[in-house]
Amino acid sequence: MNKSAFSLIEVLVAMVIVSLITTTGMFSFKLAINQIDRQSSLSFDEPIHFSQLKNLFNATYFYTEEKKEQFTPAELFEYKYLFRKSENEITFVSSAPIYSKKLSLVNLKIIDNKLMYKEEEIYNPKQDYKKPIFLEDTSEHELLTDIKNAKFTYEKPIDLPADISSRVPKLVKLEFVRNDVDFTYIFDIKYNFYYLKQFLKSKRLTQ
Amino acid sequence: MKPRKAVITIEVLIALIVMFSAVVLTTSSIRTLNLFKLKKEKYEVNYTTVLSLKAMFENRAFDQNGGKFTGSINGFSYEMSYKLNENKRTYVLGETDALGGNIGPYYIFLYVCELKLFKNSSYSQSNFQILKHMKVPVHE
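Protein chains in written order, with the numbering used here: chain A, 12 to 218; chain P, 950 to 1089.
The set of hints was computed from the structure by calculation and includes no laboratory data. Mixed in with the good hints there might be a few duds.
To be verified - The list that follows gives simulated cross-link-like pairs (lysine-lysine, DSSO-like), each with its CA atoms no further than 30 Å apart:
1. A/K125 <-> A/K167
2. P/K1003 <-> A/K162
3. P/K988 <-> A/K162
4. P/K991 <-> A/K125
5. P/K1065 <-> A/K184
6. A/K91 <-> P/K1017
7. P/K1003 <-> P/K1084
8. P/K986 <-> A/K159
9. P/K986 <-> A/K201
10. P/K1084 <-> A/K65
11. P/K1068 <-> A/K162
12. P/K986 <-> A/K167
13. A/K184 <-> P/K1068
14. A/K159 <-> P/K988
15. P/K1081 <-> A/K184
16. A/K65 <-> P/K991
17. A/K120 <-> P/K989
18. A/K162 <-> P/K1065
19. P/K1003 <-> A/K129
20. A/K120 <-> A/K167
21. P/K1068 <-> A/K65
22. A/K113 <-> P/K986
23. A/K113 <-> P/K1068
24. P/K1037 <-> A/K201
25. P/K1037 <-> A/K167
26. P/K991 <-> A/K201
27. A/K162 <-> A/K78
28. A/K201 <-> P/K1065
All figures in this text were calculated on a predicted structure; none of them were measured in a lab.
Only chain P is shown next, with the shape it has when bound in the complex (with noise of 0.2 Å):
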């Protein structure tokens, strides 16, 4: 059989038939492993995260003045400004009905706080307020 030059249009087009089915397929594939990541780590990591720097903020000192908090945790850089809406000096700490009397005179502070995870080049934004409560001093 004599040896063929060149190919036909036929042949051409096959092949890019079956190149194009194998990039969409590939494209498609790619593109829904991204997702399917990004998906898991909104979910997983993300939610862990932002819950358990909520639980820590809890339990750090706040200015009244307002402030910030950066640091990194599970593979994200954070970044938590916090500021005061509303304090108010109460007589009444906790449930009144099961306590049978009061503890005495505290201020309860309510701070509105915005915290920031950057991780690469993307990052996500979560809101929340944390409740403190401080003894009023005496000679006041």
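Bound-form chain A, shown alone (with noise of 0.2 Å):
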């Protein structure tokens, strides 16, 4: 049997085809989009992490100014400006740590790959204030994750006293690789003019 055309059998089938295919077609490409969709706010993750280090370091705290009569010489020279830095790792006292609301001891750590931070706070009962130290209990945190090559590097600040310039960078680098890109983020810290003009003023009175 010839045939020259279709029979509305057909027709149909060939409709129903088309219309589950498209059918499927848009419900995967709304499953994508819901997709995307997740991953576009989890991508938010990143500048809110940089934003809490931003603010961590911002508000580094020369604690030991508040309480300086309770020290000994050797104890004030030594947590004056508590500020350890080294190119895997930093550790000093800030104002606005990312989980307390309460002056913290804070350690940022590069481990394989990933940042890790812990956070103490200095007037704890189970912790001596001129000493602080993290407890056996403190838990770490993961803030970046994928930073390949990761070191801090540091930048004199280049305006302020000796006394400070030398312990406390001005700059915070955190230098690492991403997706083959070559990045860099900078934090700065804020020295409070507290602490310039109690410098300035015991300079003045040495003199």
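Once you've looked at the hints, go ahead and assemble the two chains, each given alone in its own frame, into the complex.
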């Protein structure tokens, strides 16, 4: 039998197939969009963690100035501007820690292409505020991931007394590689004028 | 069955519909992915880069006659131009209540900065202000 055209049933079958393909395609497309939306909201994590780090460094706090009468000269010398720094790790005191609302000793450490963070309150009953340390149950949190060849570098302040500038940098740079692109996150430390004034005052008195 | 020599109209139409649907879906997906990529870049890389650069410029010496910094960071090339907006001489620096006195006369400079970030053919612009201070020389 020679066919010159499709029969009604063939057209109907073709229409059903086309609608099935379209429906499945649209459904997959909707799923893909939802996935993108979800990832899009996840991508906000990085700026949030960047802001948390920015606030953390901005609020570097030289707490011993408040209670310096209670420190021996040797202790004061060691803890006056508590800021221990290396290529892989920084420990300092911040008045804006990420999880607590109280003055805390904070630590940032680069391990296995990740930036880990921990904090411990200075005025904790279990803590000696004169020699703050991280307790055994201090938990570590992951702040940044996928940071290859990461390291901290530092830049000294241009116009501050040597007493501070030799110990505390003005800029902290986190350098790393991600997707073959070199990245540098830069954070600045806001020196409170109070400490500058105290420094200048003590200098004037000794002169 | 005798072989068919040509396609009939309905077959062409069905093929066109299927192709049209495929093209529409692919184009929409690519467009959405590009939008997502741009959005991610804007809120992730751009945000962290602008704030990093601002922190860096705050620690750079500025010329009172204005100037420009250029360089590259985080896959962007940048151009930051600044000019002095206002400068005042003050005898009080910082918060006066807690300080218990003055630490001397200072010049305060307010600079207006314009930062442009370039990547491929596109660029984004950010504006911000930076405050600098300088101790007034003794002979003044």
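Cross-check of the supplied hints:
1. A/K125 <-> A/K167: 26 Å, holds
2. P/K1003 <-> A/K162: Answer holds: P/K1003 to A/K162 is near 21 Å, not above 30 Å.
3. P/K988 <-> A/K162: Given that 30 Å is the threshold and the Cα spacing comes to 28 Å, the pair holds.
4. P/K991 <-> A/K125: Within the cut-off at roughly 23 Å; holds.
5. P/K1065 <-> A/K184: 21 Å, holds
6. A/K91 <-> P/K1017: 37 Å, violated
7. P/K1003 <-> P/K1084: 23 Å, holds
8. P/K986 <-> A/K159: Given pair P/K986, A/K159 holds - Cα atoms ~22 Å apart, limit 30 Å.
9. P/K986 <-> A/K201: Answer violated: P/K986 to A/K201 is near 34 Å, above 30 Å.
10. P/K1084 <-> A/K65: Holds - the C-alpha atoms of A/K65 and P/K1084 are around 28 Å apart, at most 30 Å.
11. P/K1068 <-> A/K162: Cα-Cα ~25 Å, so holds.
12. P/K986 <-> A/K167: Judged against 30 Å, a Cα distance of about 36 Å means the pair is violated.
13. A/K184 <-> P/K1068: 22 Å, holds
14. A/K159 <-> P/K988: Measuring from Cα to Cα gives roughly 24 Å; hence the hint holds.
15. P/K1081 <-> A/K184: Given that 30 Å is the threshold and the Cα spacing comes to 21 Å, the pair holds.
16. A/K65 <-> P/K991: Roughly 18 Å between the alpha carbons, so the hint for A/K65 and P/K991 holds.
17. A/K120 <-> P/K989: 26 Å, holds
18. A/K162 <-> P/K1065: 27 Å, holds
19. P/K1003 <-> A/K129: Answer holds: P/K1003 to A/K129 is near 27 Å, not above 30 Å.
20. A/K120 <-> A/K167: Between A/K120 and A/K167 the Cα gap is close to 21 Å, so the pair holds against 30 Å.
21. P/K1068 <-> A/K65: Cα-Cα ~25 Å, so holds.
22. A/K113 <-> P/K986: Violated, at roughly 38 Å.
23. A/K113 <-> P/K1068: This hinted pair is violated, its Cα atoms lying about 41 Å apart.
24. P/K1037 <-> A/K201: 22 Å, holds
25. P/K1037 <-> A/K167: 27 Å, holds
26. P/K991 <-> A/K201: 27 Å, holds
27. A/K162 <-> A/K78: Judged against 30 Å, a Cα distance of about 34 Å means the pair is violated.
28. A/K201 <-> P/K1065: 25 Å, holds
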